[in-house]
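Top to bottom, those sequences are chains A and B. All the letters of the first sequence, read from the start, carry residue numbers 1 to 158 under the numbering used here. All the letters of the second sequence, read from the start, carry residue numbers 1001 to 1266 under the numbering used here.
Just so you know, the hints here were simulated from the structure itself, not pulled from any lab data. C-beta: ideal position from N, C-alpha, C; glycine also. Check before you lean on any hint, since a few could be wrong.
As the list claims (entries may be wrong) - With a straight-line cut-off of 16 Å between C-alpha atoms, the simulated EDC-like cross-links for lysine to aspartate or glutamate are:
1. B:K1135 x B:D1158
2. A:K32 x B:D1087
3. B:K1177 x B:D1197
4. A:K119 x A:D64
5. B:K1135 x A:E125
6. B:K1016 x B:D1087
7. B:K1209 x B:D1171
8. B:K1016 x B:E1080
9. B:K1209 x B:D1197
10. B:K1173 x B:D1197
11. A:K119 x B:E1136
12. A:K119 x B:D1087
Claimed, not checked - Across the chosen pairs, the derived CB separations fall in these ranges:
13. A:L76 x B:P1105: 26 to 36 Å
14. A:V110 x B:V1035: 52 to 62 Å
15. B:S1205 x A:M87: 40 to 50 Å
16. B:P1124 x A:R7: 30 to 40 Å
17. B:R1157 x A:V86: 30 to 40 Å
18. A:V110 x B:R1121: 25 to 35 Å
19. A:G54 x B:I1183: 50 to 60 Å
20. A:L65 x B:Q1039: 26 to 36 Å
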Amino acid sequence: MQHLRRRRVYLTLFLALLLQLLPWSGFMLNIKPDFLLLVLLFWLLRAPQICNIGVAWTAGVFMDLINGDLFGVNALAYALTAFLAVMYQRRLILFTVLQQSGYVFLLLFVNQIILLLLKTFTGSEYFGWTYFVPSISGILLWYVVLHSRLSIHSMARQ
Amino acid sequence: MVVLQPLQVVANSPFKLYGDIQNYFITQASLRHDVANLQKQMMLQGVQLQALSSLKGENENLRTLLEASKVASQPARLAEVMYMGRDPFTHKVIVDMGATKNVLPGQAVVDAAGVLGQVTRVFPYTSEVTLLTDKELSIPIQVERNALRAIAFGEGRDNTVVLPYLPANVDIKKGDKLVTSGIDGIYPAGLGVAIVDSVRTNASSPFAKIVATPVAGIQNHRQVLILTSDTNNFVAKDIEQVLSKDANQSNKAKKDNSSRKHNAAP
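Chain B on its own, in the form it takes in the complex:
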């Protein structure tokens, strides 16, 4: 991959040139149209943002009242998709940021609509993103309607994800939105993942067959966001706390035992 990097650059250059030329000849009218649209969007989102900041403050206060740990925000960086992976068996894309820009394997990749996948391999100048429709990728999710937790697996074909191992009487309906649950510590909670397409039950199987379509534009994207995962996320901290507590307790128990023995000896 690294060895063939110069060749890859050569092979990409005609397409890059074509894109550049296309960019150059964009008409003024379309640009003005875009600017007007973006300004409108900014206005609307500005209002929402104001509400959000006050809500954030309120939420933080409530969390401190509840003595829950705070949710860290994850800064995102924009990366450009260079090309699709060539292997028809896997769903992967190559993006133009690598180890030199501090991309790490395991970081989440999203777009404006929702989760796209995860960085799986990092090269010096590029990195490989496995899409969530790939057979090897799974994401802990939550049904937005009733907060039911489950795990979504990529199906490896047809650009869909499946939810296996859920009982036949599970409360999931067609059209339900699945969002990330955030308990894995990789994907922040509440990002859109998929929308349920079909729920089928079979008398011969105790499990429902649930198929969902990803909300993110899996196939048609030039730009994606790489989220900087923080290792100090609240889940990891919680686990650490519990572990240290356990260790302390067992140490104490041992000490008690030994001291008792010590006392008993004479």
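With the rest of the complex left out, here is chain A:
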């Protein structure tokens, strides 16, 4: 069972990475949520023994490779966000879907702020509130998926 779940976690992470790789452009690129981080957070809250901070860091390294950014920027942001997620993991799983979504929204936001800080160090410029739109679309996606109970029944049950 444990083995099967492990495989399931890695498979979903891989699919999320593929979603990130799709050739998004224009408007869709601006509202595209961070699929990989959403899937990571899902497993960080439900299967912390399989998906831990190390996995988040590795996923971040892959994101760095994809984006061609300064190496380690995404890895650091993901690892820090993952740490914040597992810190309150035990309390969070007792929350309702809505409460959990609130915390996850905060995590997505924090992730983007960390990225923004790191990018500012390397000379990029903040270009307005639209930078945070992926957080909002991300949490909407999170809420819709969890509220539909699809994931809870089919994936999270052991």
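Got chain A sorted already, so can you dock chain B onto it with the hints?
Chain B in isolation, oriented as in the chain A frame:
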């Protein structure tokens, strides 16, 4: 980037398939319409081309009379845009030609209307093009109306370029066309870059704030042209000439000095 190339191909495949299917079902009527249009365009451009070739000959003659070096033409190659860069902070696109097709970093990328940007990184099968609206890219330009030279910087947002460091009384008006000046040796002279949007002056600043919109379709392109930059361009040659002249002169001066000393010694 190279490691994830197979994954990228997998991720791109549904979109590629969609494009292929769309291509397959193009109607005959639209194709005929396109052909008619293209033929008309060809006729018109053919006439212009004839005039151009005679002008070219004349220009070359005049240049030899003036003893100016000749401007080399730069052959172009067609590349296809694969996807936009995913980083919202930068303005980059990935095109489907790389080191295997002899793309080099630094080559200029243009479309039919004007300059798009510059190749910044080259991978084996793809390369990254930084658009001219990116914050890190700057292009030496010239105002077409009065040949005033300046440098255009990408603003990093809103798809515009700015011309900083120009005095408040500078002769640039809204609607002026900015073209490449060609003094950098990367972009050939005379390519369209941008059209001035607004010129604002502020009493507290000695500089004018000039914002311009690129003429090339920065956001909406499938195909772009990569210009093969030649390292033997005339600017580089000129610089080399001046440098060698300087070196010769200083050598001569040294020799003169040493010979004088030599003469003075006995």
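Quick one: which hint numbers does this structure break? Sort them smallest to largest.
-> 6, 20
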